[in-house]
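Those sequence lines, one after another, are chains W and F.
Numbered per the numbering used here, the first sequence spans residues 5 to 469.
Numbered per the numbering used here, the second sequence spans residues 3 to 263.
One thing to keep in mind: the hints can contain errors.
Said to hold, decoys possible - Just a sample of chain F residues kept apart from chain W, beta carbon distances all over 10 angstroms, derived:
id	residue
1	Pro22
2	Ser37
3	Ala38
4	Lys58
5	Gln177
6	Pro220
7	Leu238
8	Pro259
What the hints assert, rightly or not - Which bits of chain W does chain F cover? Going by a derived footprint, with three or more residues having C-beta under 8 angstroms, they are:
id	segment
9	142–150
10	242–256
11	416–423
FYI, nobody ran anything at the bench for these hints, they're computed from the structure.
For every residue, glycine included, the Cβ atom is placed at its ideal position computed from N, Cα and C.
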Amino acid sequence: MIWRTLLFSLLLPLSVLAQLQVFVLNGTTLTPVGSALSVGPAAPGDTIQIQFRVQNPGSQSVPLTVALSSDGAFMIQCIPSPYVPPLEESAFCVDFTPTAAGSYTASLEVNGIIILLTGKAVPGATLTLSGSTTPLAYGATIDFGSAAVGTTQIKTFSLSNPNTADVSVNSVNVSGPGFGGPTGQAFPAQIGPGQSVTFQVSFKPQSGTAYQGTLTVDNRAFTLTGQGLDPPLPGASIAFASSVGASAQQNSITIPLDSASQVAGNGTLTMAFQPSVAGVTDDAAIQFLSGPFRIATVNVAIGATSATIGGQTSMAFQTGTTAGTITFTLALENNEPQQTSLTIAPSPVILDTANAVGLLGSLNVSFSGFDNTYSASQLAFTFYDVTGKAVPQGVINADAGSAFQQYFATTQAGGSFALLATFPVTGNSAEIGFVSVQITNSIGSTTTQQITVAPPPAPPIQSQI
Amino acid sequence: MPRAWIAAVFLMLPSAWAQPAIAPPLLGFLEDSASALRPAYGVSGNFILGPPVASKIVSVAFSGSIGMLKTDSSLAAFDSTGKLLASLDTAYGPALFAFSPAGTTALVFIASTNQLVEWRGSTFAPLEFHDQEVAASAVLAIAFPTPFEASLIVQRKDTVWEVEVPLGAAGIGSQKALMGVRAPVLALPSGQLVYRDAAGIVVRSPDGPDVHIAASLPRSFSLQQMNQDWVQLTDLNSSAHFAIHTAAGREGFYQLPESTR
Chain W
5 MIWRTLLFSL LLPLSVLAQL QVFVLNGTTL TPVGSALSVG PAAPGDTIQI QFRVQNPGSQ
65 SVPLTVALSS DGAFMIQCIP SPYVPPLEES AFCVDFTPTA AGSYTASLEV NGIIILLTGK
125 AVPGATLTLS GSTTPLAYGA TIDFGSAAVG TTQIKTFSLS NPNTADVSVN SVNVSGPGFG
185 GPTGQAFPAQ IGPGQSVTFQ VSFKPQSGTA YQGTLTVDNR AFTLTGQGLD PPLPGASIAF
245 ASSVGASAQQ NSITIPLDSA SQVAGNGTLT MAFQPSVAGV TDDAAIQFLS GPFRIATVNV
305 AIGATSATIG GQTSMAFQTG TTAGTITFTL ALENNEPQQT SLTIAPSPVI LDTANAVGLL
365 GSLNVSFSGF DNTYSASQLA FTFYDVTGKA VPQGVINADA GSAFQQYFAT TQAGGSFALL
425 ATFPVTGNSA EIGFVSVQIT NSIGSTTTQQ ITVAPPPAPP IQSQI
Chain F
3 MPRAWIAAVF LMLPSAWAQP AIAPPLLGFL EDSASALRPA YGVSGNFILG PPVASKIVSV
63 AFSGSIGMLK TDSSLAAFDS TGKLLASLDT AYGPALFAFS PAGTTALVFI ASTNQLVEWR
123 GSTFAPLEFH DQEVAASAVL AIAFPTPFEA SLIVQRKDTV WEVEVPLGAA GIGSQKALMG
183 VRAPVLALPS GQLVYRDAAG IVVRSPDGPD VHIAASLPRS FSLQQMNQDW VQLTDLNSSA
243 HFAIHTAAGR EGFYQLPEST R
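Bound-form chain W, shown alone (with noise of 0.2 angstroms):
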């Protein structure tokens, strides 16, 4: 016999140690315990956990002493605490595990309650994971694991005779959503000493949660669990409206899956822009149109065989006015993360409008257009009359490099600019018809085709009111 004990103080009267009640838990339930209790029967090697409950219905705390005489198959497995709080409760377990058949006894002491515990230990069948020899103790876990939605996990047990006669295994039954068998041996079976059967249980998932089941050999009891995973998203790619990498440009993004996908899922697409100009870190006009400025939210349906970005089937943006590369990172979830660029090739100057005025005393010539190297310098202007001749003076030149590079510096327009060059005329600039202008960057020239010279905005006349 041997006597393991945990001993707290004792010092109330035992009035107040009357107050605690003991229970035992089956499952969900408590039952009050008397002054026996049995457990089993169970097989040798295998353990039956009883869990106890020690409540204190009363409005001190008390503290707790539980004891345990036993033969050796009983065990105190989870040590209480040593306070029971008033109308709080404490736990404790108490493991049989028998070595050979027969049958046990121990006294179980709890603050002066004495409960006897009976134990009956049978020849039986242990139960092995295959590929494991340690024997699944009575109310042990099996976790499968994580599987795909549709997907099958097997795992193959093993029922063995340690014992020197033969012994039956009646039923073996598996319960729970997701989980199937046993398959693989027919049951009630006979299994001589030293031998062994196997059958396989499975784990099929229907959705991404987690599964619980039981598997039942005779009347031992084990938890089944599981992790259902949802299927991955298929995969998608980047697809632009227009491939054409080229400044001044509003293309769009679609993002077609590979197949029509199973799942809902989500992620972002973003925007980052890489300059090819020196000293240029950025254009703040390189942005999606819709939404935030570079980052978009990136959603796909079941079933669906694009997905939405922004909530719009497409997404569009506009290239700026810088030459560089514009990176797309796609990311959705469990997927890796994808990037498709899109080069902004160096151009001449494009030039968008251009306008000639003829004032009193001078003449203005503007044009606007964009410049997505930074490094326009040469200006020619050529003048025509208003038959179409060129005037005798030729082209007039200019190196306006260094306003240029002035103006580049400061901007937040990227390389897009408006310029005026106003020339005072001695004479009548209403001879003068039509003007080109010719401007050159580190790409090339262009060259507008003869704008035509307009004449000065009439003075504002009022209606006669």
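Got chain W sorted already, so can you dock chain F onto it with the hints?
Here is chain F on its own, set in the frame of chain W:
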């Protein structure tokens, strides 16, 4: 004749443009999704919104040199830098704007009171306007073709009409049906009409063929003049804004950015 232009060109001073004025290209002014007035810069296909210069905008238009804006209770004029020039307390609600061909004077039609107000370059001046027939119609747009005349573009049943209204005189002048024109419609100082058709936007010029601009248009939208060659199209059911380029030979339809960095 040759002697005249030779003299003129010979006296040009090349040094005068040695320091040309370079600035961000102003595309006009627009009303953003937060009802703020913002300048828009850039070139066709590349737009940059500037910081807000006014808020609580109900209606706005910009001619290229001056702008008109209407808040719920006032009317104001602003210049090309967004600077306020003058304001006038008015009735509530939206307004329609029209600029003179030179873009320096403007007419304002306040729908809630059927009132016309003229911007005379430096001040606002209310105009007499009491035509019951026009007042009973839905005025879609206005034009200011001459200093003495306004054109009201009105919806009568299924047809859009243009009604000429002499300024300073009672009654109305001529009127004609604008066949094929559908609301919403905007009249530009150039005499162009901008309206929708089944495939997008139509720019009808007074002396040329209609130009069709393919566009996927919102179900319902409004049109406002951003500049002499640019029209803002606002989706009335979302925060999306678009820009229509109306310059001859460069017509196009673009989406404006919703956000700025």
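Evaluated hints:
Annotated as non-interface, Pro22(F) brings its C-beta within 10 angstroms of a C-beta of chain W; the closest such distance is 5 angstroms. For Ser37(F), the requirement that its beta carbon stay farther than 10 angstroms from each beta carbon of chain W is met, with the minimum near 18 angstroms. Separation of Ala38(F) from chain W is adequate, the least Cβ-Cβ distance of about 17 angstroms exceeding the 10 angstroms criterion. Listed as outside the interface, Lys58(F) is consistent with that label: its C-beta sits roughly 24 angstroms from the nearest C-beta of chain W, beyond the 10 angstroms cut-off.
For Gln177(F), the condition that its CB be more than 10 angstroms from all CB atoms of chain W holds, with the nearest at approximately 20 angstroms. With a minimum CB-CB distance of about 13 angstroms to chain W, Pro220(F) clears the 10 angstroms threshold, and the non-interface call stands. A cut-off of 10 angstroms between C-beta atoms confirms that Leu238(F) is not in contact with chain W; the least separation is 16 angstroms. At the 10 angstroms boundary, the C-beta of Pro259(F) falls inside the reach of chain W, the nearest C-beta of that chain being 5 angstroms off.
Only residues whose C-beta sits within less than 8 angstroms of a C-beta in chain F count toward coverage, and the segment 142–150 of chain W has 0 of them, not enough to reach three; the restraint is violated. A count of 4 residues in the segment 242–256 of chain W with a Cβ less than 8 angstroms from any Cβ of chain F is obtained; the coverage claim is therefore met, three being the minimum. A stretch counts as covered by a chain when three or more of its residues have a beta carbon under 8 angstroms from one of that chain; for the segment 416–423 of chain W and chain F the count is 7, and the coverage holds.
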